[in-house]
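Position chain B relative to chain S; hints supplied.
Quick note, the sequences are listed as chains S and B, same order. To convert, take the position in the first sequence, counting from 1, and add 3; that gives the numbering used here. To convert, take the position in the second sequence, counting from 1, and add 5; that gives the numbering used here.
Hints listed in this document are in silico derivations from the structure and should not be mistaken for laboratory results. One or more hints might be untrue.
Computed from the model, here is a short list of chain S residues facing chain B with C-beta under 7 angstroms [stated by the list, open to error]:
id, residue
1, L46
2, Y51
3, D59
4, F68
5, P73
6, F94
7, E107
8, F110
9, G111
10, P112
11, G113
Beta carbons are placed, not taken as given, at the ideal position from N, Cα and C, and that holds for glycine.
Each chain is listed here by its residues.
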Amino acid sequence: NAGVMQNPRHLVRRRGQEARLRCSPMKGHSHVYWYRQLPEEGLKFMVYLQKENIIDESGMPKERFSAEFPKEGPSILRIQQVVRGDSAAYFCASSPRLAGGYYEQYFGPGTRLTVT
Amino acid sequence: GENVEQHPSTLSVQEGDSAVIKCTYSDSASNYFPWYKQELGKGPQLIIDIRSNVGEKKDQRIAVTLNKTAKHFSLHITETQPEDSAVYFCAADLGYQKVTFGTGTKLQVIP
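Bound-form chain S, shown alone (with noise of 0.2 angstroms):
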């Protein structure tokens, strides 16, 4: 059973394109998450996805960022105009459906995003 695969793993961009991150969970697994990590911090939660719906989103920067998790293939953050702020490290993580409300966390490698 393959691990959450997370693709690209490195990825340069100029200020002002746009960045897409993509994160296939574990098979078995509806629930996506991303977090962002920058140099010597903690992970920061962005966003909860299940298939074709947003649960929470509550850590998203309102503008420029965006995800999805379609019914067919990877989810993807997007990351429009991208400032060199956004340099970081973006992990997406999976888990299975929900029982008793206990679940587990797995994380992929993570794309490691610069803008130059």
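Chain B only, in chain S's frame:
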């Protein structure tokens, strides 16, 4: 929202000694507390977790304790080995699937 504080930020121990990392949380409604290990260039890996109805949990050399009254929980690693060197994160979850992470502890085990 939930706030999780973690100490120390760095920790060096001799191989074979024990390591203890402590965390406090702010929201008494939090009911799930996972611990993650992150190696350089990799994603966090769950190593142990504890639910709010349990005070202690052990898995081989790793143990976690939870004091709900004081709102703090701790990770204990015994007989440390060089491969335990990594950054460790505590986290707390209110049950809404939005996990709040601590700021991390960089553990160095000196051979």
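Structure versus earlier hints, numbers of those that do not hold, lowest first: Checked against the structure, the hints that fail are numbers 4 and 5, while the rest are satisfied.
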